[in-house]
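Using the sequences plus the hints, can you model the full thing?
In order, the protein sequence lines correspond to chains A and B.
Residue numbers for the first sequence follow our numbering, beginning at 1 and rising by one.
Residue numbers for the second sequence follow our numbering, beginning at 1001 and rising by one.
None of these hints come from the bench; they were simulated from the model.
Note that this is a predicted model, so its numbers are computed, not measured.
Where a beta carbon is used, it is the ideal one built from N, C-alpha and C, also for glycine.
Check each hint, because a few of them may be wrong.
[Unchecked claim] Restraint ranges, calculated between C-beta atoms of paired labels, are given here:
#: 1; chain 1: B; residue 1: P1109; chain 2: A; residue 2: A139; range: 26 to 34 Å
#: 2; chain 1: A; residue 1: F131; chain 2: B; residue 2: R1088; range: 32 to 40 Å
#: 3; chain 1: B; residue 1: T1277; chain 2: A; residue 2: L268; range: 18 to 26 Å
#: 4; chain 1: B; residue 1: I1361; chain 2: A; residue 2: S244; range: 45 to 53 Å
#: 5; chain 1: A; residue 1: I25; chain 2: B; residue 2: K1402; range: 32 to 40 Å
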Amino acid sequence: MKTERINPINAERSLVSELVGRLEIRMLALALALGAALSILSPHFLTSNNLLNVLDQSVAVGIVAIGMTFVILIGGIDLSVGSVAGLTGVLLGRGLEHLVIPVAIVLAVLAGMTIGLFSGFLIARFGLPAFVVTLGVMAIGRSLAYIFSGATAIADLPENFGNIVYTSILGVPAHVLTLLVLYALAWTYLNFTKGGRTVYAIGSNREAARTAGLNVLAFSILPYVISGGLSAVAITFASAQVMSIDPLAGTGLELDAIAAVVIGGASLYGGRGSIVGTLIGVLIMVMIRNGLNLLNVSPFWQGSAIGAVIITAVLIERLLSSRAFSR
Amino acid sequence: MKAEDPEAAAQPQANSVPKPMLIAAGIQKAFDRTRALAGADLDIYPGEVLGLLGANGAGKSTLSKVISGHLTRDDGSITLQERPLNLRSAREAIEYGITMVMQETSLAPDLSVLENVFLAELGRPGLLSYRRLKRRAEEILDRLGQKETLPLDREVRLLSAAQRQLVEIAKALALNSTLIIFDEPTASLSPPEVERLFQVMTNLKRSGHTLVFVSHRLEEVFAITDRVTVMREGRTVAKSLDTASLRQAELIRLMVGQEIKSVPANSATKAAKSPRTRVFEVKHLSSAPAVRDVSLTVHKGEIVGLGGLVGAGRSETVEAIFGLRLRQNGELFLDGKEYAPRRAGDAIRAGIGFVAEDRRIQGIVPDFSVRENLLLGHLAASRKFGLGYSQRKVKLDELIEKLGLPAERLDTNMLNFSGGMQQKIIIARWLLLEPSLLILDEPTKGVDIGTRTSIYSMLRHVAEAGVGVIVVSSDFEELLSLCERIVVISDGVSIADVPSAMLNEEKLTLFAAPRTSMEQNSAVLRDIAHDLNGAAFWTLVDQDRLFCLYAAVTNDQADPGFRAGDTPMISDTRIPAALSRRSDALVLEAENQLGTLLLSVLSDRGHDMGWIGVTLDGRSPLPSAEQLRGRIEGFLGRIVKPQ
Chain A
1 MKTERINPIN AERSLVSELV GRLEIRMLAL ALALGAALSI LSPHFLTSNN
51 LLNVLDQSVA VGIVAIGMTF VILIGGIDLS VGSVAGLTGV LLGRGLEHLV
101 IPVAIVLAVL AGMTIGLFSG FLIARFGLPA FVVTLGVMAI GRSLAYIFSG
151 ATAIADLPEN FGNIVYTSIL GVPAHVLTLL VLYALAWTYL NFTKGGRTVY
201 AIGSNREAAR TAGLNVLAFS ILPYVISGGL SAVAITFASA QVMSIDPLAG
251 TGLELDAIAA VVIGGASLYG GRGSIVGTLI GVLIMVMIRN GLNLLNVSPF
301 WQGSAIGAVI ITAVLIERLL SSRAFSR
Chain B
1001 MKAEDPEAAA QPQANSVPKP MLIAAGIQKA FDRTRALAGA DLDIYPGEVL
1051 GLLGANGAGK STLSKVISGH LTRDDGSITL QERPLNLRSA REAIEYGITM
1101 VMQETSLAPD LSVLENVFLA ELGRPGLLSY RRLKRRAEEI LDRLGQKETL
1151 PLDREVRLLS AAQRQLVEIA KALALNSTLI IFDEPTASLS PPEVERLFQV
1201 MTNLKRSGHT LVFVSHRLEE VFAITDRVTV MREGRTVAKS LDTASLRQAE
1251 LIRLMVGQEI KSVPANSATK AAKSPRTRVF EVKHLSSAPA VRDVSLTVHK
1301 GEIVGLGGLV GAGRSETVEA IFGLRLRQNG ELFLDGKEYA PRRAGDAIRA
1351 GIGFVAEDRR IQGIVPDFSV RENLLLGHLA ASRKFGLGYS QRKVKLDELI
1401 EKLGLPAERL DTNMLNFSGG MQQKIIIARW LLLEPSLLIL DEPTKGVDIG
1451 TRTSIYSMLR HVAEAGVGVI VVSSDFEELL SLCERIVVIS DGVSIADVPS
1501 AMLNEEKLTL FAAPRTSMEQ NSAVLRDIAH DLNGAAFWTL VDQDRLFCLY
1551 AAVTNDQADP GFRAGDTPMI SDTRIPAALS RRSDALVLEA ENQLGTLLLS
1601 VLSDRGHDMG WIGVTLDGRS PLPSAEQLRG RIEGFLGRIV KPQ
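Shown next, in the form of structure tokens:
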């Protein structure tokens, strides 16, 4: 049998370039550089209070971004996460009026998963564009949130509901801990289980995954179910933070979540991206917000800064990948 | 083959037009690490139809694309009308009057026929006069003699493949092209459509156009071209041969070369082994719309070929077997057990592996490393929650060593490997699962000739280890050399199951002829049998063996003892005397009093197409040979001869 000619570019790859080649490493370097810059510019940045603040602000978007990563990995998109969060938040509020806290939360999460199942089924079974289906669900979700809430915020939540945020274990608040645990679970699932690799394979080449006998239908729906469920988890923590549930809650969450995933290096075509990258993407976004606040920059500039980072991230990714995959 | 002197071959007939309009010399082109063209030459004479012939992967399409500006060459020269031609784009080629009608059409599906024909003009500034365009389009279609076949206001996506091709041709004419290159234009056409295309090409030639006809089908090249240039492995092996002076065998030799010819030897000899256990059997499989009635069996350690023309339903058959397509009918047995896959996962767990036709679309997961691509089948077979990669480690190490794949490259990107290696990795994906049946659809498509041989030997080893193998291929030469038996599928029906040792390319072509002509011919034979109250059949005879293409028996007393698809020894039929004598006379069998008349069938070009036979019960009075011939001659006019 003939031996294969080896691509010279590949053969000469050293450990350093291998590391630089890893997207997460590049993004981590960016995050650290950003953190270093901020701590030089503002004496308040590197205080434990502020760092906890950064994490605190990361929880809602961070949890939603996990689901969004799954969805984007299979080449889909979920625009409905914000309004699913709003709707499940209202359902949670209504639930809390009659039920004990854990049951109300579980029901809200199940409701989110059901909505995800609905979108995912339509998309995967009938081949509808994810963009359109979730756009529709986004409108329906927000509308139902208004109807079920009577278009007013629900503020009379049980006293101890706030405990799910303010309990801390070893000095780490429960919701931050939950965030980290969820990322660890997602990381393990995506890298070390059959289902996780199936998600990647589907995103990379759906037809090849089907031909190789993987269960494409089930694993094309699953990400939407995860996304819907995690939207509910996210709004639960967000509501507990402010002890109020607003039908408007979660507005714009989908854009932040997509931004985090994209900054984290995932390809919107699917198949490429990582959960660690997403976490870093979330942190970069929150750090930019936090840093601009600390530096007393008008909040109106935040959008421009984050937009610039998104576009730069995608551009860099494209330039790097076109070099790697050009033929 | 080196004996073929290209210089001598290059001399066109003395009385032809003296100077070529276009000369391509020493063209080289590489994609990545694959060399598609390694010194290809081509001369095109004005007003001729030039056939560009070669096996799959010989570089015909690449050369055509270089000439028509779709690709830029790496090296070599092209001169047009004695001036050097350096095209940078297809657009520029059009300005020089060169257009290529592509395999996959380059039309805008949502625009009308008219708009597509004048697509280039839509980019011009100013207003369009649809009335004027329409008049011009009608004029063009008129010139093609196809005014009726193409409604100008129809959207292109609603058209058939043949109609789209006409649009492409009209488009070329709208651009005033003088040289039109047809890249495998007949690949997706039915025989009547091919006929019509040839009519169009003849019209074009008559109106002074120069045509290049790219094909790997010999019959078509004989039917339409004036001269033939043959390519093999990226090189021109014979230039501008006069078609009229050529013989089929000679062309095949040029196309295939000697290297491949040496391969066939070992498989055929192994065919006569002791009876082996059946690994897989399928009976009367149907899967609408492409598969209508397919039956086949595969034994342990046997390579079975699925032959037929493109679109005959071969890929669909194996996809249905693998659970990728819904089945309406059919019983399947794997290892003696009934097997009814509802999805590919079922098939894999039952012990079947499937290498799909299109490696890039159906095979490779581009973002996965070689390792994960190898383990993809395992992932599908596994019912675990985790990966379970480690349980395959031993087998994996063994396989990559056999593949000659360095272990340290296992975690690199799959796309860095050559097409051949990629294909081997995809095959290994299934070997890893130690299947009892391995199905490969066009396993050597887009694979260079060297790797092709190593894929063949890989498959032979797999079979020797006791796996049943099914190979689908459009390359008859490949089927004949690789497979022990060939099941021929024509228009969704398995019509013959023949040991490949008994076949050659011509016989295979006849068996594979589309069912449309077959149905008509069967009808003709049925009419004859009915008219004479006997049996009528069409058969090929090779030494002492028979290859029955069609048979119709209306009187059981006159049964010749074989049916369509059968390949009995002459002595095993009921009419051995007639078949072995093959005379003009009406031959009466001594044993059973059957009277048989055989008529030889020749193609329009004089090729031997076998015999039409009529068998009658000799116990009732027989007509004379002349009378009989007179009675059936009228019917024979309706016979459709395969192209």
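- Item | Beta-carbon spacing of A/F131 to B/R1088 - inside the hinted bounds 32 to 40 Å or not | holds (38 Å)
- Task: Can you let me know if the beta-carbon spacing of B/I1361 and A/S244 is within 45 to 53 Å?
- Result: holds (52 Å)
- Item | CB-CB spacing for A/L268 and B/T1277 relative to the 18 to 26 Å hint | violated (51 Å)
- Task: Could you see if the CB distance from A/I25 to B/K1402 stays within 32 to 40 Å?
- Result: holds (35 Å)
- Task: Starting from the range 26 to 34 Å, see whether the pair B/P1109 and A/A139 falls in it by beta-carbon distance.
- Result: holds (31 Å)
Checked against the numbered hints listed earlier, the structure breaks hint 3 alone; every other hint is satisfied.
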